[in-house]
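The lines below spell out each chain.
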Amino acid sequence: MQEIWDILPGLGDKLAAHVVLAASAIALAMLIALPMAVWAGRSRTVSRIALSLASLVQTIPALALLALFFPLLLSLRSVFGEGLPTLGFLPALMALTLYALLPILRNAVTAQANLDEGVLEAADGVGMTKWQKLVLVEAPLSAPFIMAGIRTASVWTIGAATLATTIGQPSLGDPIFAGLQTQNWALVLAGCLASAGLALAADNLLWVIEVGLARRKRWMTYGGMAIVVLGILAALWGQRSDETERPIVIASKQFSEQYILAQLIGSRLEAAGYTVEYRDGLGSAVVHSAVASSSVDISVDYTGTIWANFLKRADNPGREAMYETIREWEARQNGVKVLGRLGFENAYAFAMRSDRAQELGVTSLADLVGKGGALTVGGDPEFFERPEWLAVRDAYGLRFGKTRNFAPTFMYDALRSGEADVISAYTSDGRIAADKLVVLADPKAALPSYDALLLLSPRIAEDPGVAAALQPLLGAITVEAMREANFAVDREDAGKLTPKQAAEQLRKRVEIGK
Amino acid sequence: METAPPLLRFDGVTCRFGEVTAVGGVTCDIAAGCFVAMVGASGSGKSTLLKTVNTLVEPTGGRVLFAGEDVSELPPARLRRRVGYVFQGIGLFPHFSVAENIAIGPRLAGEKLAPARIAELLELVELDPAYSARMPDELSGGQRQRVGVARALAGEPELLIMDEPFGALDPVTRDALGRKVRELHGRLGLTTVMVTHDMAEALLLADRVVVMDKGAMVADATPHALLAGEGGAVAQRLVSVPREQAERLAAMELRG
Ligand SMILES: Nc1ncnc2c1ncn2[C@@H]1O[C@H](COP(=O)(O)OP(=O)(O)O)[C@@H](O)[C@H]1O
Ligand SMILES: [Mg+2]
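If you read the sequences in order, they're chains A and B. If you read the first sequence in the working numbering, its first letter stands for residue 1, the second for the next number, and so on. If you read the second sequence in the working numbering, its first letter stands for residue 515, the second for the next number, and so on.
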């Protein structure tokens, strides 16, 4: 509990970013929904089309809606030029605005439809023009209902804005996603608490405005509005530092190793006098494009991933050739600089319990030929569909008795309990060391290599200071050191470390190793 | 016969709503200074006909002339300021105070009504000027309708149209307000058209009574002429109701 209170004060930046994002989305949604509602009030067709479209948007999960704007904006670059941001504030704003439209639009349309017929007739009768009728009668009488819609939209938007983290927009989702991945529940709870608190505060403030409008209590209406405006101004003020010299932004994907390496890179850069910012928990597909577009500046990626996903290649020319090809391709295609390899691989591999391996006399994949028929192999749910598995199977002519799917965390339990004899594993996974597993050698090099690479965005590609600060990390992180650090973050017992602490240990190890 | 030019002329006015013919070819002149009562069953087209005057309803046939000009050619906002309208449902703006409701017509014309003028208008309809700060939902039904009348008079209209203004009021308030309106009609030199269900009220207040039936004007006569048996069957059926009531009451009094 104490931990949560320690984390909360540090979330000021995220809170400010969250408030600015949510407030902008609501404001934009109002700007679109209110004129649309006026139009809808004068045409049933418009009303029906607008409401169905807004409802349709609601059926798309918020996470998917956010992610969809990335490819959309990417394709719009052909119209608006390369300067169009594809990640961060813009796509988050667009997705959340769409999401906020429905409650505002629906309440505004309903409010108009329910206005007293006699009062509207009187408005015409006393000589009001259409515009005067809208401003003097329809708007004030609808205002409390519209405000209720804005309230609903605000609560939804503040909640959904936590998901903006996944497309690179800082928000209160940052601690939530980071905490979920590293199983740091205090961090998750602090993030949830902050965003729930913000939603509650907004709900109550807007309720005061709504009641003020309904009961015609001006001090409530204007008082509530004043506090809302002050809150937004304070958030903008809190963000103002971002507009000066942009710090170096370090990205991480959603697993422990990435968080640890981001912290390690960050601490080296800070020691060299740079200011850094972390953009944690980005979607795996998004990170590469984020670096290429300089939305973030540094990421750690893996040769096998880039090979298959971005070069779209299925062959395996060998570890060195693969690395050189990628280096050259990144520089030519994206202006991204591959600074070098960190030294370890996070590849697909096959692991066995050491006693079982000894018993069968197995040290490499080649040794499994002919013995496989009696063995069960376990893999994560997608493994047996992946090209890596097909490549291994065909290269060695492996045949196993049974294949079984396990969720990644249960694979190691299955191995321990004997439900699987061989499992697919990630070579840098900390549990390989902790469970003293044997990683089978791959003499035919059927599995592609997954060397960890340090990528620099075009913005800092030629910055000699950055290169100098990070140079000591190249080739310095052994797979054993990485496993140990990963395990320290993944474990559930008293030895558990935060990614920052694990990065600190890893840094000491690297510096001693030099 | 009236010699003054008519302030209001309906010239073959027809209003259709799809299949329904609400008003079917009404022709009628109303002279300046006249107090006309319009009587007829519910759904006979009274409200629709009156709404054509300030173009709340556009006739599908015929024309309406106001002071000699075709109303469809006058700018609606300006026309509506010249016609005071008291609505069937009162239609006070619930978010405006009494004073703001009364002042709305002049305010739309860009003119600010002085508090003294608002007090004067409230006094005209026998309301305490202290009521000017109240909101409509703090008033009784009768008080609300008085405010409705004050609002209609605020722009110093030439023509006052009242659509069942006293429908929802108790008989005592109704009688008092009826007399008040008739008095104001005389005092302010208005031309008034008042719709009512109640033939007795029409006969007692008006100079002239017109009877509507199924969208047509079936009678147009003075109260005296109606009481003398003129105006046709529909009108006479309506006149017979209060007449018989009065006779029965007189008989009761005679018996003691
Ligand atoms: N806006 C409208 N749309 C369709 N029908 C209408 C409309 N207004 C009035 N009517 C119809 O026209 C007829 C006359 O209505 P109205 O003028 O309100 O009668 P009255 O005021 O005499 O009771 C009724 O049958 C009514 O249903
Ligand atoms: Mg009517």
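In short, the hints are calculated from the structure, not lab data. Just so you know, even glycine gets a beta-carbon here, dropped at the ideal spot from N, CA and C. There may be inaccurate statements among the hints.
As the list claims (entries may be wrong) - Under the rule of at most 25 Å between Cα atoms (straight-line distance), these lysine-lysine pairs were calculated in the DSS-like manner: (1) K130/A - K626/B; (2) K626/B - K133/A; (3) K402/A - K371/A; (4) K496/A - K436/A; (5) K371/A - K312/A.
Said to hold, decoys possible - Restraint-style ranges between C-beta atoms, simulated for each label pair: (6) V135/A - A682/B: 28 to 38 Å; (7) G575/B - I49/A: 52 to 62 Å; (8) V534/B - V135/A: 41 to 51 Å.
Quick rundown of the hints versus the structure:
1. K130/A - K626/B: holds, 21 Å
2. K626/B - K133/A: holds, 18 Å
3. K402/A - K371/A: holds, 12 Å
4. K496/A - K436/A: holds, 19 Å
5. K371/A - K312/A: violated, 34 Å
6. V135/A - A682/B: 28 to 38 Å: holds, 30 Å
7. G575/B - I49/A: 52 to 62 Å: violated, 35 Å
8. V534/B - V135/A: 41 to 51 Å: violated, 34 Å
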